[in-house]
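Q: What follows is each chain in one-letter form.
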Amino acid sequence: MRWFFVIVQIGIFGLAVSRIVVAMQDYYYYYAMGVIVMTMYSVAIFLGYEIYDEADEGYVEYLLSLPITRRELVIGRSLAGGLRSFIFMSPIIAGFLIIIGIEDPLKILTALVALYGFAFGVSGLSITLAVGLKSGDRFDIIMGALDAFIVRLSSALYPQAFMPGPIAIMSQFNPLTYATDLFRWSLNFDVSYLANPGLALVVLLLFLVTFNFAGIIMYEHNLEGGNWR
Amino acid sequence: MLRGMAYVIAHDFSVFFKYRWFLAGLISMNLADLLIMGVVFTKMVSFNYFKFLAPGIATMGLFAAAFVIGREVNMETRRGYNQYLLSLPLRRSELVFGRMVAGGARGLLYAIPLLILAMVILRFPSAIEIGLILFAMYLLGMGISGLAISLAVALRSFERFTTARSLLYLLLVFCSTVFYPISVLQQVLNGPLILFARINPLSTVSDLLRGYMMGTPPVTLLSWLELLTFSTVFILGGAGLYALAIQRSV
Numbered sequence: 001m002r003w004f005f006v007i008v009q010i011g012i013f014g015l016a017v018s019r020i021v022v023a024m025q026d027y028y029y030y031y032a033m034g035v036i037v038m039t040m041y042s043v044a045i046f047l048g049y050e051i052y053d054e055a056d057e058g059y060v061e062y063l064l065s066l067p068i069t070r071r072e073l074v075i076g077r078s079l080a081g082g083l084r085s086f087i088f089m090s091p092i093i094a095g096f097l098i099i100i101g102i103e104d105p106l107k108i109l110t111a112l113v114a115l116y117g118f119a120f121g122v123s124g125l126s127i128t129l130a131v132g133l134k135s136g137d138r139f140d141i142i143m144g145a146l147d148a149f150i151v152r153l154s155s156a157l158y159p160q161a162f163m164p165g166p167i168a169i170m171s172q173f174n175p176l177t178y179a180t181d182l183f184r185w186s187l188n189f190d191v192s193y194l195a196n197p198g199l200a201l202v203v204l205l206l207f208l209v210t211f212n213f214a215g216i217i218m219y220e221h222n223l224e225g226g227n228w229r
Numbered sequence: 001m002l003r004g005m006a007y008v009i010a011h012d013f014s015v016f017f018k019y020r021w022f023l024a025g026l027i028s029m030n031l032a033d034l035l036i037m038g039v040v041f042t043k044m045v046s047f048n049y050f051k052f053l054a055p056g057i058a059t060m061g062l063f064a065a066a067f068v069i070g071r072e073v074n075m076e077t078r079r080g081y082n083q084y085l086l087s088l089p090l091r092r093s094e095l096v097f098g099r100m101v102a103g104g105a106r107g108l109l110y111a112i113p114l115l116i117l118a119m120v121i122l123r124f125p126s127a128i129e130i131g132l133i134l135f136a137m138y139l140l141g142m143g144i145s146g147l148a149i150s151l152a153v154a155l156r157s158f159e160r161f162t163t164a165r166s167l168l169y170l171l172l173v174f175c176s177t178v179f180y181p182i183s184v185l186q187q188v189l190n191g192p193l194i195l196f197a198r199i200n201p202l203s204t205v206s207d208l209l210r211g212y213m214m215g216t217p218p219v220t221l222l223s224w225l226e227l228l229t230f231s232t233v234f235i236l237g238g239a240g241l242y243a244l245a246i247q248r249s250v
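So the sequence lines, in the order shown, correspond to chains A and B. The numbering of the first sequence is my numbering, which starts it at 1 and goes up by one. The numbering of the second sequence is my numbering, which starts it at 1 and goes up by one.
A hint or two may mislead.
Output of the computed footprint for chain A on chain B, the stretches with three or more beta carbons under 8 Å from beta carbons of chain A [stated by the list, open to error]: (1) 32 to 38; (2) 41 to 51; (3) 155 to 168; (4) 171 to 180.
Don't read these hints as lab results, they were simulated from the structure. Just so it is clear, CB atoms sit at the ideal spot from N, CA and C, and this is done for glycine as well.
All chains, please: the whole structure from these sequences, using the hints.
A: What follows is the structure, encoded as structure tokens:
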């Protein structure tokens, strides 16, 4: 279903909107790259919902009883969450790279590292929120609201250059902005529409370290001793 | 007949407001589309996209809210709640049509604030035009409820229902004039897809709203006929399938 969503977004919405956009060249590719990163975000965030399923099935205590540290558990799950999103999207990413004709292995590697780094960070964010909130309903609501605003208040759909002041300011604090712009930069998109790649790399690193670290703390404080209700 | 239907409608309204968090999420999504995406795209396209999008968002909101009844009916069908419904001192027709009316009215109620916002952005039409707009939206709401109920009882499994709902949502919203004019869709779609986009009730209602509030595209008798046909087919189809489903659940 999510693949179908990507295909409709790129194949119908993207094509149609790119016909009415007059302010920039190649909006279609700009948009398609944004949709790929947005979908990585949606797939990676799903990890939080799985944590609630595990809690319902009493699987949390089993995980806590394993002979591994909490740090290994959280980072392992985040790495796996990122990898799953990456594998899920790989046919679409590969198809897109072929269509736009990128052959430079270094460029491809940078693009893939940007995507994976972002998905890894989002998985950490999802674990942090799921374990921190400990309520499936609240998590669902926060995820719905985050989804509505995190995408629209980022450069996933449109460049920061066209955003009015307050929207542009908010998009500067959004990791999705930096992940999409770093991905576009690695695929040779016009840099005048993108955030600084160095800054994007630093923000992405901070994002993934912060939320994985927060996830470890949350796991240690919120789940020990049958604390999950 | 009306008294029995009134009970069903009152019940469905009370259930609808239990979904307050879902509704809060939906309204944030609709407002974010209009107030963020609409504003930014206005700077990137050659016309006032914000004004163009406002009636489309009201239509999209109506569609999403009217579809919720399908989820309820699907859950009731799976959990055997239909037997309880059949035990109530109501005629079958009161129950079936009460639910259709409630589904459409809930969608309309949800969409009215978005419609008022669109009127504030564009212009307030005359009282007669407002009446026609509300009637068109109500017809769409009832048709969508009928469609949602048909799917809910035909695909009993929740997973199949949610998949079909998402598929339908993507096709109905993106292959419509909610986000872009039909002239643009004609450039990117062809064959059955462009035909689908033309007869899509979301296109019809979005354009009717634009016609009454912006003057373009012009409102035609054909648009009304298309909307009436869609609503009649899905209200009757949904009612028939729902009646059959609750009958079989005994």
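Q: Now tell me if each hint is right for this structure.
A: Results for each hint:
1. 32 to 38: holds (count 4)
2. 41 to 51: holds (count 7)
3. 155 to 168: Coverage by chain A holds here, the residue count being 3 at a Cβ distance below 8 Å.
4. 171 to 180: Coverage by chain A holds for the stretch 171 to 180 of chain B (5 residues, Cβ < 8 Å).
In this structure, every one of the numbered hints holds.
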